[in-house]
Amino acid sequence: MKVRLPYSRAKRYLTGIDWTILTLDRMSRRATGGSNDSQIVLELQGAFDDRRFRAALAEFVRLFPVLAGKSMRDWNLAPYWKIPRAGHAVPVRVESRRIDRQDLMSALGEFVNTRFSSPVEHLAFGVFHVDDDRHYLAMRFDHRLFDAQGAEAFLELFQRWYSGEDCRARLAEIALTEPAHLNDWKNKFEAGKQLVRMLRALVGTPLMVLPRPAPLKGRTFKFCLMEFDARETQAITGRAYAEAGFLMFMPYTLAGAIQALDEIFKARANGGREYLLSVSVDLRTPKTAASQLFFNHLSFLIFRIPAVDAGDRRKVLEAIRAQMYEQIKSGFPRALSEASMLMRILPPALLSRFLLKPLRGEFASLGFSCVGKGGYALSQFMEATLANLFHMPMLPVPPGVGLVVNQFGNRMNAVLTSLDGMFSEEEEQRIQEKMRHLL
Amino acid sequence: MEELSVMEVERKLIGEIATILCVDPAAVKPDVPLPSLGLDSMGFVELLVVVEKVFNLRLMDSGLTREDFETVHALACRINRGPEA
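Protein chains in written order, with my numbering: chain A, 1 to 439; chain B, 1 to 85.
Hints in this document: simulated from the structure, not taken from any laboratory. Be aware that a few hints might be false.
[Said to hold, decoys possible] Derived DSBU-like pairs: lysine-lysine, alpha-carbon spacing no greater than 35 Å straight-line: (1) LYS217(A) to LYS266(A); (2) LYS373(A) to LYS53(B); (3) LYS188(A) to LYS53(B); (4) LYS315(A) to LYS53(B); (5) LYS29(B) to LYS373(A); (6) LYS12(B) to LYS193(A); (7) LYS188(A) to LYS70(A); (8) LYS188(A) to LYS266(A); (9) LYS188(A) to LYS222(A); (10) LYS12(B) to LYS329(A); (11) LYS12(B) to LYS373(A); (12) LYS70(A) to LYS193(A); (13) LYS53(B) to LYS186(A); (14) LYS315(A) to LYS12(B); (15) LYS287(A) to LYS217(A); (16) LYS70(A) to LYS11(A); (17) LYS188(A) to LYS12(B); (18) LYS186(A) to LYS29(B); (19) LYS29(B) to LYS329(A); (20) LYS29(B) to LYS287(A); (21) LYS53(B) to LYS193(A); (22) LYS82(A) to LYS12(B); (23) LYS29(B) to LYS357(A); (24) LYS11(A) to LYS315(A); (25) LYS53(B) to LYS287(A); (26) LYS329(A) to LYS357(A).
Next up, chain B with everything else stripped away, as it sits in the complex (with noise of 0.2 Å):
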């Protein structure tokens, strides 16, 4: 895969979950907590799913820690540092 920089994940990142919510990507903001746009156990799976799709990474099997997945930005930032052994 090629090199994002977070940025650049964000930006993809919100346009899924916009796409998961069915709202307006202008809605997502990187720093909104994802429970408060509305994902609950169901939706944070789907993006799960389209994260490993997107970014070919599989973050089922980590720890799932809130720090990686508060918000939009943190998994950003958590995709950009890819697989961790």
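One chain only, chain A, in its complex shape (with noise of 0.2 Å):
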């Protein structure tokens, strides 16, 4: 018989996973005093009115009292997420100012990277105004608190709430709490058990990583986003479908973004053999979405290329299938995310040794990630047109370098994330041209 212990409606404890992002912005923190946050940016066309916004989400994020929580443990030494009492205020800030054009990407890069101003702080919005019928919106976000698609879903639901749908049945399944997952202690071990297989299998490769630029304390990140219309993201989709197989689209970019990158890794990574990649994957199911607004709901997918296969389309894509494949069938991802729990007992500290000590300090070359189509699946925002969606997440020190893929409507984007410094811009330039020949 399985004894569930009563869980209070005040805590919502902390999965393996949430645990393991907690620790990776801990890690971020101690690298560059910067945190791991993300940041959400919608292209909005038409008119749109600061003051009307301020309002409605100032009412609006009221209704989620969890946006002003924070990280604790809990007696029975799970962490948990404490949610202030209903009505409790949540700091929301909203800048807005006007901005050229070509000052889009340092005006956004500079908003995701100014840090929130109190640990209760997890959600500040930005609206940089081009013209009187161009604006994009930025949402930056505590990582802890939403993953990608979260926060897209987050948006949404602001959406039809805004435009006076009925939104009690959708706020009524959002799942804030979560029990603490003290039991199936079996499965959590076999689990364990699979996943130091696969860190042991990694120790010892040397591995293909780019040196980061020094001094790390104080650096924050740069961004390039790379657009493709509709027609080129259709040609795109094709040559996916062709190339790496029908629906292959994350192998297909992911096989792009290293090919894109190899050039400079081999300039100047020293003596690695191996390029490791740590690609994050939604774990929810159309179902679960709608319940599953806060916090993360992901896991990873590793895959290793030998750097000297790295020039070769046929092999990346072959490699990234067949490893993709396997993991899937041994079910690395749920596993990864069930033995997660048993490190939640691990200080972040300490967690973060865990995690680098396999490849002697390192985490991976490159984190990737693809983000689905559907988070936000409206085609307004207030009272604008949603012209474009993108991510521009800050990504965990090491490695600090990544990409993310993600398609909106008919368009697709990639944005280039990595430590200011790390490459020069002309080197930015070389990849995002690599980028758009390659896919």
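These two chains come separately, so use the hints to put the complex back together.
This is the structure we're talking about:
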């Protein structure tokens, strides 16, 4: 018989993946002083009223005291997110300013690199007006509270609520609490064994890693946005299906990312023989997406590509496809999620050492994420038309470099994130040209 | 493996896809393109793993052509044909 411990509505026990994300946040803070935040950007066409947005947002966030929570540890040693009582003030800053279009990425970069001003502030908005008809709305969020899909779904819920839709059922569906998962230990230890086997296989591998710029303290992230219009996206999808196979969009774009960066890695990564790629994958299903709005519902796939093969598209694609198949067949992403529950006992400082030990202080060559369609499925935001949507995640340090691809409607975006100084402007330009050429 | 008709394969596939997507099997129609059911690369590979387990047929190494995988019906026909040289 399974015994379920009663749990409070004021506590959201953190899952192992939530705890891992919190640990990555601490790792980044220790390395650069910045946090592991992310940002979602909406490109808006038409009129956008700042004052109306601020008023609506202030009212909307009051529905979610969880946005003003903080992490703590319970008497049973399980970490949890303390959710303030209903009616608790939720601090959400909104900044607004006019910019020139050519300054967009630096303005957005500056915004995401700004740290939250208090430990209970996890959300901030920046409204950047290019002219009266074009605006960019950035939602900076604490990755401990949202992942990419959750952040999109949060904005979509705001829009539904703002446009007067009856959202009571949607709001009631959102799962704010989570049990402590202090049961089913056999499964967790079995999953743990699988994870340890995977980590052992990585020991001793000379990784391809880019030297990080010094000094790291105080270093911010830079972002390069590559936008692909509907025609280009359709052509990329066609090539992905033809070369990598039907629905193999993620493996195809990942292969493109490795190949676009290969030349720079080979010129600068000392003695590495293998790329190790950490790819975040969403574990939500269409049924659970509505309830899993807050916190992290993802896991990882790990790919190893011999550096010597990186120039050969066929070999890279074959390696990615084969490893993806084997990892999914062995249940690795869910095993990782289950095994990480065991790691919650470790304080972040110890857990980060455990995560970095097998690879001698490294984590991966590159972080990669392919955010699926549909997190934000509406065509409007406030009264404006939504022209595009993309993500600008800060990344854990190490590795401090990565790429996120997302599709919005019939368009695609790729954003290269790197520690400022990791690439010269000329290198950034070359990476972008290569990505366009390779995809 | 016992010989199954395309319809029987379809029925099994619908059940498996519904499990992967956590949806009601009635929502999975044989002629609807798989992407519009919500399958992405990850879900699609999960489906290929299920096909190997249930039908003893490893399709990951096949060409993964759109014609063979676009819909549940197309996939059922492909499974029904069995391994191809």
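Evaluation of the provided hints:
With a C-alpha separation of about 26 Å, the suggested pairing of LYS217(A) with LYS266(A) holds against the 35 Å cut-off. About 29 Å separates the Cα atoms of LYS373(A) and LYS53(B), which keeps this hinted pair within 35 Å; it holds. The suggested pairing of LYS188(A) with LYS53(B) holds, with an alpha-carbon distance near 24 Å, which does not exceed 35 Å. For the hint linking LYS315(A) to LYS53(B), the alpha-carbon distance of about 26 Å falls within 35 Å, and the restraint holds.
Distance restraint check for LYS29(B) and LYS373(A): the Cα-Cα separation of roughly 21 Å lies within the 35 Å cut-off, and the hinted pair is therefore satisfied. At roughly 33 Å between alpha-carbon atoms, LYS12(B) and LYS193(A) fall within 35 Å of each other, so this suggested pair holds. The straight-line distance between the Cα atoms of LYS188(A) and LYS70(A) is roughly 26 Å, inside the 35 Å bound, and the hint therefore holds. Taking the CA atoms of LYS188(A) and LYS266(A), the gap is about 39 Å. The hint is violated against a cut of 35 Å.
Of the pairs offered as hints, the one joining LYS188(A) and LYS222(A) is violated, with about 38 Å between alpha carbons and a cut-off of 35 Å exceeded. Simply put, LYS12(B) and LYS329(A) have alpha-carbon atoms about 19 Å apart, close enough for the 35 Å limit, and the pair holds. As the CA atoms of LYS12(B) and LYS373(A) are separated by approximately 27 Å, the hinted pair is consistent with the 35 Å bound. Taking the CA atoms of LYS70(A) and LYS193(A), the gap is near 31 Å; set against the 35 Å cutoff, the hint holds.
Using a Cα cut-off of 35 Å, the hinted pair LYS53(B) and LYS186(A) holds, with the two alpha carbons roughly 24 Å apart. Restraint check for LYS315(A) and LYS12(B): satisfied, since their Cα atoms lie roughly 34 Å apart, inside the 35 Å limit. Only pairs whose Cα atoms come within 35 Å are accepted, and LYS287(A) paired with LYS217(A) is rejected, the gap being roughly 43 Å. Only pairs whose Cα atoms come within 35 Å are accepted, and LYS70(A) paired with LYS11(A) is accepted, the gap being roughly 10 Å.
For the given pair, LYS188(A) sits about 30 Å from LYS12(B) by alpha-carbon distance, which is consistent with the 35 Å threshold. Our distance criterion of 35 Å between C-alpha atoms is broken by LYS186(A) and LYS29(B), whose separation comes to about 38 Å. Pair hint LYS29(B) plus LYS329(A) holds up; C-alpha atoms about 25 Å apart against a cutoff of 35 Å. Taking the CA atoms of LYS29(B) and LYS287(A), the gap is near 17 Å; set against the 35 Å cutoff, the hint holds.
Restraint check for LYS53(B) and LYS193(A): the C-alpha separation of about 23 Å stays at or below 35 Å, so the hint holds. Simply put, LYS82(A) and LYS12(B) have alpha-carbon atoms about 44 Å apart, too far for the 35 Å limit, and the pair is violated. Taking the CA atoms of LYS29(B) and LYS357(A), the gap is near 48 Å; set against the 35 Å cutoff, the hint is violated. A C-alpha spacing of about 48 Å is found between LYS11(A) and LYS315(A), which places the hinted pair above 35 Å, so the restraint is violated.
The hinted pair formed by LYS53(B) and LYS287(A) meets the criterion: a straight-line CA distance of about 24 Å does not exceed 35 Å. Taken as a hint, the LYS329(A) and LYS357(A) pair is honoured in the structure, with Cα atoms around 27 Å apart against an allowance of 35 Å.
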